[in-house]
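A.B. asks: One-letter residues, chain by chain:
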Amino acid sequence: MKIPEPRGPISTALFSALAAAAGTDHAAAGVEELRRLVTEQLPATTDIIGDDDVQLALFCLYELHYSGLEGVDDEWEWEPDLIQVRRLLERPFEQALRAAAQSAAGQLDLPPAAEMTSDAVADVLFGLAATDTGPSVSRYVAKKATLEQLKEFLVHKSVYQLKEADPHTWAIPRLTGRPKAALVEIQADEYGGGRPERMHSALFARTMRGLGMDDHYGAYVEAVPAVSLSAVNMMSLFGLNRRLRGAITGHLAIYEMTSSQPNRLYGNGFRRHGFDAEVTHYFDEHVEADAVHEQIAGRDLAGGLVEAEPELLGDVLFGATAVMAIDGRLSTHLLACWESGETSLRAAVPAAA
Amino acid sequence: MNQEPAESSIVVCPDGPLIVRGDFEIVTPSGAPVPRQRQTVALCRCGASAIKPYCDGTHKMIKFRTEPPAD
Numbered sequence: 001m002k003i004p005e006p007r008g009p010i011s012t013a014l015f016s017a018l019a020a021a022a023g024t025d026h027a028a029a030g031v032e033e034l035r036r037l038v039t040e041q042l043p044a045t046t047d048i049i050g051d052d053d054v055q056l057a058l059f060c061l062y063e064l065h066y067s068g069l070e071g072v073d074d075e076w077e078w079e080p081d082l083i084q085v086r087r088l089l090e091r092p093f094e095q096a097l098r099a100a101a102q103s104a105a106g107q108l109d110l111p112p113a114a115e116m117t118s119d120a121v122a123d124v125l126f127g128l129a130a131t132d133t134g135p136s137v138s139r140y141v142a143k144k145a146t147l148e149q150l151k152e153f154l155v156h157k158s159v160y161q162l163k164e165a166d167p168h169t170w171a172i173p174r175l176t177g178r179p180k181a182a183l184v185e186i187q188a189d190e191y192g193g194g195r196p197e198r199m200h201s202a203l204f205a206r207t208m209r210g211l212g213m214d215d216h217y218g219a220y221v222e223a224v225p226a227v228s229l230s231a232v233n234m235m236s237l238f239g240l241n242r243r244l245r246g247a248i249t250g251h252l253a254i255y256e257m258t259s260s261q262p263n264r265l266y267g268n269g270f271r272r273h274g275f276d277a278e279v280t281h282y283f284d285e286h287v288e289a290d291a292v293h294e295q296i297a298g299r300d301l302a303g304g305l306v307e308a309e310p311e312l313l314g315d316v317l318f319g320a321t322a323v324m325a326i327d328g329r330l331s332t333h334l335l336a337c338w339e340s341g342e343t344s345l346r347a348a349v350p351a352a353a
Numbered sequence: 001m002n003q004e005p006a007e008s009s010i011v012v013c014p015d016g017p018l019i020v021r022g023d024f025e026i027v028t029p030s031g032a033p034v035p036r037q038r039q040t041v042a043l044c045r046c047g048a049s050a051i052k053p054y055c056d057g058t059h060k061m062i063k064f065r066t067e068p069p070a071d
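If you read the sequences in order, they're chains A and B.
Using this note's numbering, read the first sequence as starting at 1 and increasing by one per residue.
Using this note's numbering, read the second sequence as starting at 1 and increasing by one per residue.
Simulated from the structure, these hints should not be mistaken for lab results.
The structure displayed is predicted, hence computed values, not measured ones.
Please note that the accuracy of each hint is not assured.
To be verified - The following label-pair restraints were derived from C-beta to C-beta distances:
id	chain 1	residue 1	chain 2	residue 2	range
1	A	E70	B	S8	46 to 52 Å
2	A	P310	B	T28	22 to 28 Å
3	B	E25	A	C337	47 to 53 Å
4	B	E7	A	D109	18 to 24 Å
5	B	M61	A	E33	53 to 59 Å
6	B	E7	A	T169	23 to 29 Å
Said to hold, decoys possible - DSSO-like, lysine-lysine: derived pairs with alpha carbons at most 30 Å apart:
id	chain 1	residue 1	chain 2	residue 2
7	B	K52	B	K63
8	A	K2	B	K52
9	B	K63	A	K144
10	A	K157	B	K52
11	A	K143	B	K60
12	A	K151	B	K63
Beta carbons: idealized from backbone N, C-alpha and C, even for Gly.
Could you build all of it, start to finish, from the sequences and the hints given here?
C.D. replies: Rendered as structure tokens:
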């Protein structure tokens with residue numbers, strides 16, 4: 001990915017450190033400066049989920065583990081001092097997600113985890129998904145969104161959807177038995193069942209091209225606000241930390257459970273503007289795929305994991321409710337902007353193609 | 001009875017679809033293949049899916065129940 005413009009002192013210091021070859025004295029001095037800045041700035045951050053500087057820095061730190069950053073030495077990925085900085089940022093981010101998740105979940109009345117069958121876990125998750133009655137971007141897209149708003153919608157989604165499924169893949173070697181088989185089965189489908197052109201990320205790229213947009217990974221990172229980056233950083237946090245394997249399975253389960261019907265509505269929105277199956281295929285595919293995935297993710301993945309490791313129930317629910325909290329926040333932002341005729345993207349950035 | 005697990009299985013999801021996994025065909029009454037995009041499929045059993053024979057999650061909206069209500 002191309003390195004975006006920095007959004008504050010932390011991302012500025014990060015990009016400046018990464019410009020040096022890893023392991024050199026120059027690099028060490030750069031990371032030390034970054035660590036100092038992070039330690040100094042973090043206590044002043046009141047809303048880390050909505051903090052552009054922190055979320056962009058985290059996004060780029062995680063990107064070192066995905067496709068890398070253009071012009072940045074690959075050795076940086078496991079540079080201990082840089083990992084230390086990432087952990088400094090991750091800790092308060094996780095705390096903020098836990099707080100947001102808690103308020104999204106409300107009061108849950110649950111039997112002891114040790115007594116919960118996989119179907120009971122799935123029931124709880126389906127129940128949570130059904131309470132997700134926040135502002136509906138999908139209904140807005142279906143009925144009202146202008147062509148420009150449809151493009152904005154794709155810009156926000158593109159930050160994740162062009163690497164769709166990748167953050168959950170980190171969890172595969174951290175699971176065993178039934179939940180592992182379940183995750184592999186879902187991911188095989190996400191990755192096109194062996195046909196690269198059917199990979200969900202490739203289908204999304206096709207939709208973007210259909211609207212004349214740039215389908216290169218990261219092309220619109222510059223344009224999206226902190227909360228859109230937070231949604232993806234949350235997945236990387238859950239996926240890259242083995243101790244959060246419960247959270248990444250809960251994340252995937254609720255993601256799938258809140259997807260089929262919204263995708264039908266998204267497709268309708270694009271059809272309303274005269275786009276054909278070439279553009280809507282991505283959404284149509286998700287209506288069918290996610291109705292399969294939600295069952296497997298709820299029962300075999302999250303449910304199977306809780307049966308095997310009952311102490312992970314809390315984290316499964318954390319992952320699930322954190323999605324609801326962050327997605328809810330993004331939806332509120334999109335609808336507030338669109339209903340008042342404003343752009344939901346960052347003002348400094350020219351609108352999508 | 002063969003002790004080996006069967007080649008295919010049908011998972012009966014409470015209040016939801018039938019998940020069919022393994023080696024099988026989906027065909028019309030005259031034997032023509034029904035278009036199929038994935039290995040494991042979810043078949044509608046609430047009757048309300050817009051993409052039958054496949055499930056589209058509508059069972060959740062209509063509160064489809066597979067067990068009779070307890071009195």
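A.B. asks: Run every hint past the structure and note whether it holds.
C.D. replies: Results of checking the hints against the structure:
no. : hint                         : result
1   : A:E70 <-> B:S8: 46 to 52 Å   : holds, 47 Å
2   : A:P310 <-> B:T28: 22 to 28 Å : violated, 46 Å
3   : B:E25 <-> A:C337: 47 to 53 Å : holds, 49 Å
4   : B:E7 <-> A:D109: 18 to 24 Å  : violated, 42 Å
5   : B:M61 <-> A:E33: 53 to 59 Å  : holds, 54 Å
6   : B:E7 <-> A:T169: 23 to 29 Å  : holds, 28 Å
7   : B:K52 <-> B:K63              : holds, 18 Å
8   : A:K2 <-> B:K52               : violated, 43 Å
9   : B:K63 <-> A:K144             : holds, 28 Å
10  : A:K157 <-> B:K52             : holds, 28 Å
11  : A:K143 <-> B:K60             : holds, 22 Å
12  : A:K151 <-> B:K63             : violated, 34 Å
Hint violations for this structure: numbers 2, 4, 8, 12, all remaining hints satisfied.
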